[in-house]
Each structure stands twice: as C-alpha cells, then as structure tokens.
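4 protein chains.
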Amino acid sequence: MKRQIISFIILLLLSVSISGQRRILKIPDLDGYVSLKCDLHMHTVFSDGNVWPTYRVYEAYRDGLDAIAISDHLEYVPKREFIPIDFNAAWKIAESSASEANIMLIHSAEITRDMPPGHLNALFITDGSLLKRDSVYDAIEAAVKQGAFIQWNHPGWKAQEKDGIPKLYPLHRRLLQNGWIHGIEFFNEFEYYPKVLDWCIQYKLAVTGNSDVHGIISETYPRPKEISRPMTIVFAKERTQAGLKEALFAGRTLVWANDIIGGKEEYVKPFFYKCISVGKPYYENNRNTYIEIANKSDIPFTLVNGPVGAPETLKLEPNSITRVVLGKKVAFPLIYDVKNVLTRENSVLRVEIKY
Amino acid sequence: MKRQIISFIILLLLSVSISGQRRILKIPDLDGYVSLKCDLHMHTVFSDGNVWPTYRVYEAYRDGLDAIAISDHLEYVPKREFIPIDFNAAWKIAESSASEANIMLIHSAEITRDMPPGHLNALFITDGSLLKRDSVYDAIEAAVKQGAFIQWNHPGWKAQEKDGIPKLYPLHRRLLQNGWIHGIEFFNEFEYYPKVLDWCIQYKLAVTGNSDVHGIISETYPRPKEISRPMTIVFAKERTQAGLKEALFAGRTLVWANDIIGGKEEYVKPFFYKCISVGKPYYENNRNTYIEIANKSDIPFTLVNGPVGAPETLKLEPNSITRVVLGKKVAFPLIYDVKNVLTRENSVLRVEIKY
Amino acid sequence: MKRQIISFIILLLLSVSISGQRRILKIPDLDGYVSLKCDLHMHTVFSDGNVWPTYRVYEAYRDGLDAIAISDHLEYVPKREFIPIDFNAAWKIAESSASEANIMLIHSAEITRDMPPGHLNALFITDGSLLKRDSVYDAIEAAVKQGAFIQWNHPGWKAQEKDGIPKLYPLHRRLLQNGWIHGIEFFNEFEYYPKVLDWCIQYKLAVTGNSDVHGIISETYPRPKEISRPMTIVFAKERTQAGLKEALFAGRTLVWANDIIGGKEEYVKPFFYKCISVGKPYYENNRNTYIEIANKSDIPFTLVNGPVGAPETLKLEPNSITRVVLGKKVAFPLIYDVKNVLTRENSVLRVEIKY
Amino acid sequence: MKRQIISFIILLLLSVSISGQRRILKIPDLDGYVSLKCDLHMHTVFSDGNVWPTYRVYEAYRDGLDAIAISDHLEYVPKREFIPIDFNAAWKIAESSASEANIMLIHSAEITRDMPPGHLNALFITDGSLLKRDSVYDAIEAAVKQGAFIQWNHPGWKAQEKDGIPKLYPLHRRLLQNGWIHGIEFFNEFEYYPKVLDWCIQYKLAVTGNSDVHGIISETYPRPKEISRPMTIVFAKERTQAGLKEALFAGRTLVWANDIIGGKEEYVKPFFYKCISVGKPYYENNRNTYIEIANKSDIPFTLVNGPVGAPETLKLEPNSITRVVLGKKVAFPLIYDVKNVLTRENSVLRVEIKY
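Protein chains in written order, with the working numbering: chain C, 1 to 355; chain B, 1 to 355; chain R, 1 to 355; chain V, 1 to 355.
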C-alpha cells in the first residue's frame, strides 16, 4: 500500500508542474513604466470552459504573459451536474502554479447577464461567492465593495447586440455615474468595437482586450510563426498585483490582438516610437535615397497615406527591417497614418518618420 | 428573464458543437477488413487529465480517428476535492457528442495499481463504479464479468520499472492463465516496448498503442506537417463497436506511432504491401534503370540492407514517390528489411520489392 | 592531375542529381483519361529567370508534376551580356535530368511582344532559334510549322492591359481564324481572367494555368501545409508527350491554382464528382440527420447557396471529411453552387450532393 | 517599337528589385564592436551553383546578413559551354543590388584544388581573373598580392579526406609560414571540424563558418520557425568593408550554425553573457527557490553538468525564458558547461550563472 501512495505522489507532481520554455514577447516598455502583458478574461471547467484552471497558467507561462484573470461565469454553470458550484475554486486551484510560474493570477468572476448590462468581469475580488446575487446591481456593488475593477465585456457581442454595435443603455450610464465601470473590452476573442475607444476617453476608463478563451489557446490562435493571442498591455509602475491594479484603474493600457492595436493616443503614440527605429540613409544614387526602418517588436504596423516621393504604404513587419526607397526631393519627417492603430472610433494614429 | 435563458441556450449549443474538418488518415484497409483508427487510452478532468471529456471527442474527430476510450483512473482521482467521484461520468458526458461526430466512444476505466500488475484498461465496460475494489484481482474480475477487454498499459513505464523493461510477474501469469489479459500496450505516449510483441504472439493477445494523453493532443504531438498521435489500427469486419470489440479480442491489430509500426507479421506484412506500389522502369540508360516506389499512406517506411546494385537504404516518405536508381544487373525482387516495422522483440519486417 | 579530375566528376554528379521525395498530388483521373499535372510556363537564366534549367526539373519532380515547359523569352534576354543567346539551351541542358526524374520536358519558347498580341508560348517546338523573327506573325507561323501548340499568356496582365481585362484585338481574331492559338492562360502566377473561359468555349481552345515563375517556386508559393503552385491539369489518353500534346490540342484541360478551379463544365463537373464522396447518414436524432462528405483531393471546394434545411455554405477542405448536419425534412439531392469552380465568365459549377 | 521598349524596362526593374522584409537577427554586439553576420562562401551559375548572383543578395537581405562573399570556383566551371568564363562577372552583376540592399558584397573567388591544399577562398580581391594559374602556389600569391584574406574551406570534406578529419599537410604549413592562410572553415554547409579551433588558436587565424550554398538557402535550411543558415559572426569596429576586413584579419570571429557555436574563448565567453540574463529569485517555498534565465538571442544554448541542487541540464531556447527550480541550499554562481559552444577540439565553454 505504501508503494502505491508513492507512485501517486509522482503522478501528482507531474500533473501540476509547469514545464517548457517561456516566450519572450517583444513588447517595449514606456519610459517610467513596465509593460505587463495580460489576458483579463478566460474560462475553465468551472463554468463553460474545457480545461482545468492550471492549464490556463501553463498557457500564459508559455506565451510570455505577466498576468491572467480566470473569470468563470457566476450565472452560467453548465457543468454543475458534475462539478459542484464553487466560485473561488479556479483561483484556489491555480494560485500556487501561478506563483511557481511567475504569473500574476487575478482573482476574478464574470457577472453574466442579458443586455443591459451584458457581461462584466469583476477583477481583483476576494470572494466570488458574494457576487452571486439576484440583482445585477447588487452583484456589481458587492464586487466594488471588494475593491474590484469592473470590466464591461464584449459590449457588441452579436448574441446580445444583433447589429454588433455596442450601445450605452441607461443602466450603463448609471453604473458609470457610480464609478462602477472601470474598463471596457475593445477587443474580445476575434472581434473589436471601435466605439469603445471614444467611451474610454470620455469616461476615463481603461481600454482592454482579451481572449475570452473557452477551449485551447494554441488551437484558437494557431499562427505558424507568431502567437498573437489578444492581450491588454498595461503600463505599470512595478510588476506586482498592486502595480497592475493601480495602472488599470488609472487607465494606462492599450490592446494588441493579431494585427490590431487600440488605445488612447497618449499611450499608443510613445509605444509606437518605442517599437520603431529609423536609420540614416545608407545608400544614394542619382534617383533615390535608401533608408531602413526597423520594427523590433512582435507587432506589425501598416503605414498608409505616405507623402509624395515616399511609398504610399509601408508594411513594418514584426522583428523585421523595411527598406524604404525615397525620391531625392522628399522632405523629412515623413507623415503617415498607421492604419492598424486605432485611437478613436474614427481615427488612427498619425506618426512622423525621421532619423 | 426569458431573454437570459435564450442566450444561455446559445452558449450551450456552442459549447457542445463539434466543428471544423475531419482529417482523412491515409491508412489502407486489409482485404476483408476495415481499418479502424483507435486511441484506447486517454484521461480527462475526471482523473488527472486537463480537459473536459467532450474535448477528447473533438480531438479524435479532427484527427480522423474512428474510436476512442476515455479511461480515467479508478484509484487516482486527484481532483476529487472539486469534482465528486463518478466513474461513469466522462462516458455519460461525451457519449452524445461522439455519436454526432461519428466517433465510437468505448466505455472504459483504468485500474491503477502498483506493479504488479501495474495499470490495466478495462474497455467496453458497462459500469465503472463496480470496478473500484480493494483487491486488484476482484477489480479485474468485475471488469471481465462486464465483458471487458483488458489491456495491460505501459508495462515498462519507468515510474514502475526502473530499467524500462517490462516483466511478467507471477500475478501477470495468473491473469493470463485466467484469460484476463487481452492486449498489451506496445506503445504508450512516446515510448515502446519491443518485448511486448513476443508476448502478444505467445499468448495470442492484441498489440496496442495509445496516447495516454493528459493534456492537449495537438500540443503533445505538434508536428508541422502530419499529425501522428499514437494509434491502434484494428482490422474489423465492420465499423461498429461490436465489430471493433470482436477484432480486438481476435488480436487483429497493429500499432502506428510517429515513425514506428509494431505488430504481428500476419498483419503488418499485407498492410505494408497495401501502402506501397512499385512502378515499372520508366527510364534506362547505359548504366542504370529507374523505377518509382509510391507510398500512398501517411506512414513513413525505412528500408535497409538493400541488395547489391540497389540503394542500401530507401526512405519511403508518406504520400510520396521515391525514385530508385538501379544497376543494370540487379535482380528482382529486391529484398529489404523495414527498419521501422517491428514484428518481434528482435525482428523487423522483411519485404520484397517488385513490379 | 588525375585526382583533381576525379573529384571534379564527383562534383558534377552531385550537381545534376535529383534527390529527395516526389509528392503524390491527390488529383483524380477521369474515366478513360490520366490526369497530367503540368506547368506550361516558366523561366530560367536564359531569359529573365533566376535559376539554372535543371532546377525547374527538380522543383517539378518534388512537387509531383508530370510535365513542364521551360519557355524563356525570345525577345527579352537581359542576361545576354553574360550568357550568349541560345534559344534551345535550356531544353538541351535540362532534358536528361527530366528523363531521369520522370518529368516530361516540353521544348518551348515565349514569343514576347507588346499587346497585341502580347506574349505567346510555343510548346512542343523543335528549334527555338527559328522563332526569332522581326514580325510576330512570322514567328508564330514558324512555330506552327514545327507543330507547336500556341498558348496566349496572361491576356490581362496589367503591364499590357491597364484595366486588367483581356481583350480580343483584330490580330488575335486573325490568329484564331488561322487556327494559330490553341490555348489561353486563364491563370498566371497569382491572377486569373474569367473571360478566358468564354473564349475557350467559343473558339474550342484549351484552358491553361501556369506559374510563369522567374524566382523559386517554394518561395513564391510558400504555403505551410500544401504546395499549390498553379497547374494545368490535362486529361490524356496516356502519360507520354504525344498523349499530352493530343489532349492539349483537344482542349481536355482544367486549371487548379491555390483555391481556384477554372475549366469547361464537361471536364470540371466529372472531376468534382471524382474528388468527392458522400456517405450515408451515420446518426439521427429527433432534430437532425448527420452525413459526411469526404474530399480526397488536394483541392478545396466551397459550396454555397445550399437548400433549406442544409447548411448555406459548405467548405470541403482538401483531404478532409466535412460533417453535415441536416434538418429532418431536407430532400436529396442537395443542390449547391461551387463558388471556387468557374465554368464561364459569369458562371460557377452547380452540383448535386447525394449518397 | 517604343512601347515594346518601355515594357521591357518595366520587366528589367522588376527583375533586379529587392523586395520584402529583412529579418532582424537577434545576435548581440560585443562591447566596442558591432557583430556583422556574414556568409563567406557561396556559388552561382558562374560555377556550379544554380542561381543568378542577385539571388544571393536577395537571400542575404531577407535573412538579415550584413555581408556575403560570392566565391565561384576558378578551376571548376561546368556551365562554360553555355556561360563564358568571367571570374569577375558575379561580383559585377550583384554589386549594385547589394548596395541598394545594404549588403556588403565581398569580391571573391574559390581556388579549387585537390588536397593538399584543397579549396581556398580568396576574399576581398580586386580581379579574379589573375588568380587562374597553373600552380596553386602562384594562385594564392596572386590573391595575397591583391590584399586577399585567404580562407581554407571545409578542410575535412569527405570528398577530399575520406575519414572526414582535416589534416595539416606540408603545403599547408608552408602557406601558414608565409602568412597566406588567414582563416579556416570550422563549419561548412552541414558539417564541422572541431580540430580547426585548435589550429586557429595556434596560428592566430579567424574561425569561420559558411553555407557553401549551391542551391536555394530556404530549401537547404528549411526550419519551420527560425532560419539558421551557417554564418560567421565578425566583431568589427564599424560596419564597412574595411571594418569587416580588419576584423577578419584580426581573427575576431565566431561561428553560428544551427545549434552549434564555435570560436575562441575570448570571443564566445563575452558573447554568451551578452545573450543571457539571469533574474533574481521571484518565488520561494519551503523546498525551492525559483529563478528565470532569459535568452534574448536567436541561438539555443544547452547547459550541462549542473551543480548539486540545480538542474543537471538546462536548455536555453532562443527568445525564451527558462524557469529554473533550485534547491534551498544551492550556492551561486552555478557552474555549467555549455555543450553546444566549442572552444577547442576537446573543450566546451564553461560559464557561471549568477544574478
């Protein structure tokens, strides 16, 4: 009998170990801040997800994230016939794995209602069970009492908004007046809602973007070369949960998902210039001047509306140098619009290219 | 309230749907038999696995398998603090998904003991809860009473056999005498045990090979071109659970895992010839004759010890034609040993190449 | 000195050898015909290409083609400062490699003029030097005298037709009247011209599609899973140059390039049914009937405009099975339009799905 | 006639343009030096290669190299029936493309003789035609007169040394005495010769490693994730041909090819520490301390022979962080041998891991 117990312990150790390598995401810091890569919305078997909570930690570790929130539904627990309801279980289970993997695990839950108000993630809670209330208003209040950061999830989700366009209902306005919404998902899984950018500016909220993964990250985002699961990039004063929380409440974020960046100009503009460096002309002939633009980040940028004498469009691929052939009379700086960096519902980032 | 219920139903439908394409595995049938591709050993959150049972069905569907056995441990249930023990739950949960996905789901459980006898899968059971007995002998007897096919799993697993070499203990001999072992894993996850081939011949057992997956199949076997999760190929009279069971008890199997084939010569030899076709010479010059050998299967074959005038080694890659340049005096058939097709502990398949 | 000569011979043998595996393209035959996979347009250093002629043979061998035409420009020879003009050199150089690789190498040249008539490939010529004439009319006549098949290349190439739309100029009509155009490229490199299908029906010409490669095939078509360089599929009575030539003059062809098929309905319709097989219902419940459609070819098909009770759209991926969930009252056959199979400028193939 | 000329010019521009992105190789600089990534040995159609010279420039551009040497054979010109001999042609043809692509193109030629002395690359020559001499001694002298850097190529090439082991023949010793050998290939194409490291130390030569490519780089080194064509990394005072030449003559080099690094300890040791950074412990429990080691380079490192309490082996994958679980009593620094970094025939680099 003793031998049997021993081999069980071996199995147990195997099942919780985090192995393999952790990707280094090439995401620059901003001056004075460390860039924390976060996925603030994901599910496990404790609601309608397909994996055990520690698997979310393993995925985040491998993908180079700094922080994740496991946010199982409070009101939608389809596996309860087999798994008894426990709104803190996922966090309890995954917490030590997260510590060992250098991942910050944010204790969270998803308040899951019809629209309005739709779905809201309560992040940085202390007891999920207190959020299960008949009234959504009471549920949010209970979360706020725990100091939670309230994120309005996928406001234009077509299952709740047929036209895919997010709308501010009176209930949302009341929550905003109370200071009970602190961030809104601009990006969720595969879709994004440009209007969210304007609301985040108007109401001083954090722009967020997350996977909302139910299945397997590597199968949901199966890119041959680069993983680009959606993430909220948070500019924190330090790499701690307290630092992360302070930065989220202060709205110092942007979103990266596949080839889309969204965020307030005050953050995406310096972020762009941290990603890009422009070299001096390395060659000239009687027709042209040649320069190189290096993009040392993992994020692609597409520059459009270039000036006369410069390319109309420049694709700055991740971890790549782009050769730019200029006419002899072109004047620096070169002004471009960055097509894939959204700063408002109807605006993209404008940048100056100069060496 | 009504709207809320409706959106829950939408969520529910999403969570159980099997979507995407099903791979066609290029595995030939044998004359008179259909080749069923099976994984007879896998785990879920109901023991120490990381996924919900329906995910195993989805993986099998995508990978082109015909049948799977979810075989959670009876004696090792590390998640029982959160998931109450139910030895039939995984089967109950996944059964309708399997039907909808055209996957045969074999009701199973893993009897999980120290060596001897080690771990044994009971396949085709009717009630897993009856197999939870203090005595392993009683547990196996209970399974046999349900008509189970008993598979001895990973007999050389290093956690139980330090030298990695499987051994027949007195308890195994007793079980064999009783007719209570019907198959042995030649291959498990990433390792294989050549000695198993001799035992399967001697005791008239089925040779099996399985993933024993605990995590995610696509992350465990991440090949860039071809999926090659381990599988037991069963030569059945018909594609039904009854047909599969009859064939397993009759021992009509072989194992394919990555680039290894193992099985009895009576099955692997005709199987090899079904995979391969040899063309007539298509070109001759004064030095050489040129022929092509087509391998229309997904399985690579490595032929070695070629005759004088022919290449010493021939790599017949999957879904590929190999050009063979022969000396003018070479005599057909060309005799080769197939290095990666094991028929006994110390034998590989010998084949004749002729057109 | 003798040793030096020997090592040179070793080098020489290495440089002409065709090594590695030949892909088996999953392209079905039609009843009574063998499907020959051909690329009838490519370049080498003997005009403005970047590789030595034998490399084209190697690429075709690896990609599983049956026949290729190296068709260097007659009137555009930008490397002539370093490589003396010889319009038969590429064919002479590559011919023995092709024989050894079981590739049919079609002796060819590209008559390269402004529009009209644009560029025309003369295939199956005997002496390219006789085609270098001041008058394009004389050049074509010289090719026809050698028994050439004349293919009008990329009729809508934007360097010659700014709007990208091919046009029949009086010179083309005259050539057609003479019987001096025998095929037209529907597909070239990355672009296609639907109008060509109508012309090929009206004038009884072969529909062709080719790479027109100047660089490296694997870098031009770098698909992670499947190579899909453009190809003309020719339905020949036998796999010989004579068989290929007869079939081309008879117009028994279709074109496959990436996810586009183009051709006359009389060939693409039976070809589609050879690629696809429909299984009997394998499962029913009170709402639905489940069937599987297998696509055993390397070609994807996208079916649209499905009937009520069946999916609006069906993506039949290559080498994959598609699960189809039908309403209980749906009537067979299911009529679909195959969106990616073009039969005329404004028509796609209509098919019946039944088991 | 005029229109025809215009379209030819369009074609011409296309054929010489360098397009697409340039990879950023993650290769750190050393203090005071810039790391130049070089391939000092490659072939084109002007000897026994398969591509036009400008293609080598394009490949180097895409792969992020700084400098290349096109080194066609002087004594082996198998295409001379079709391409007249011109030992400076490849350089003349590719030079302007190289300038436009920010690639330093080193004028070179390969003196190609039986062993001894085997093959030698003359780099930084001014006129290749003067190196075609009956006597190899005269040929080398002619190169040296032009200021050439003489690299002894693949000294253990099995076509010239049956046992694959490089040997110093009397002729080599005489050349070394003359100061006529300045570097030796430690790595060539796919193989390497550890003994070369000792000779480079003894005779104060540069250690080099190159592709010697005849075909296509991307097909010769087809790694799914990372290109790792062999390269000589040169530590130069400035990124100019003069800077490169000075550094080569000074022997400030190392070689990276796939997962092998070779070079003198004085360069590989600081290079290793520039690639790696070690973090402070981020977590402790009662059994273990956890640290992270970041490898920000594209080069994998395999550390072996770890101390008690630390992992025996550490795989530091490129662009990845490795989590290290240490016993509580382990003492820093951790001493490891870097298995894949060779410093002498029988030595690997020993490193200290500390934070």
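Calculated from the structure, these hints are not laboratory results. Quick reminder that beta carbons are idealized off the backbone N, C-alpha and C, glycines included. Some hints could be false.
[What the hints assert, rightly or not] Partial list, derived from the structure: chain V residues whose beta carbon lies under 7 Å from chain R: (1) Asn50; (2) Val51; (3) Ile83; (4) Ile85; (5) Ala89; (6) Phe190; (7) Glu219.
Hint-by-hint comparison with the structure:
1. A least Cβ separation of about 5 Å between Asn50/V and chain R falls short of the 7 Å threshold, and the interface hint therefore holds.
2. Interface restraint check: Val51/V against chain R, minimum CB-CB distance 6 Å, threshold 7 Å, status holds.
3. Against a cut-off of 7 Å between C-beta atoms, the interface hint on Ile83/V holds, since the closest Cβ of chain R lies about 5 Å away.
4. Hint status for Ile85/V: violated, given a least beta-carbon distance of 11 Å to chain R, over 7 Å.
5. The beta carbon of Ala89/V is positioned within 7 Å of a beta carbon in chain R (closest approach about 5 Å), and the interface hint is therefore held.
6. Here the hint on Phe190/V is broken, as its CB sits about 14 Å from the closest CB of chain R, past 7 Å.
7. At its closest, the beta carbon of Glu219/V sits 6 Å from a beta carbon of chain R; the interface hint therefore holds under the 7 Å criterion.
Violation of the numbered hints given earlier is confined to hints 4, 6; the remaining hints are satisfied by the structure.
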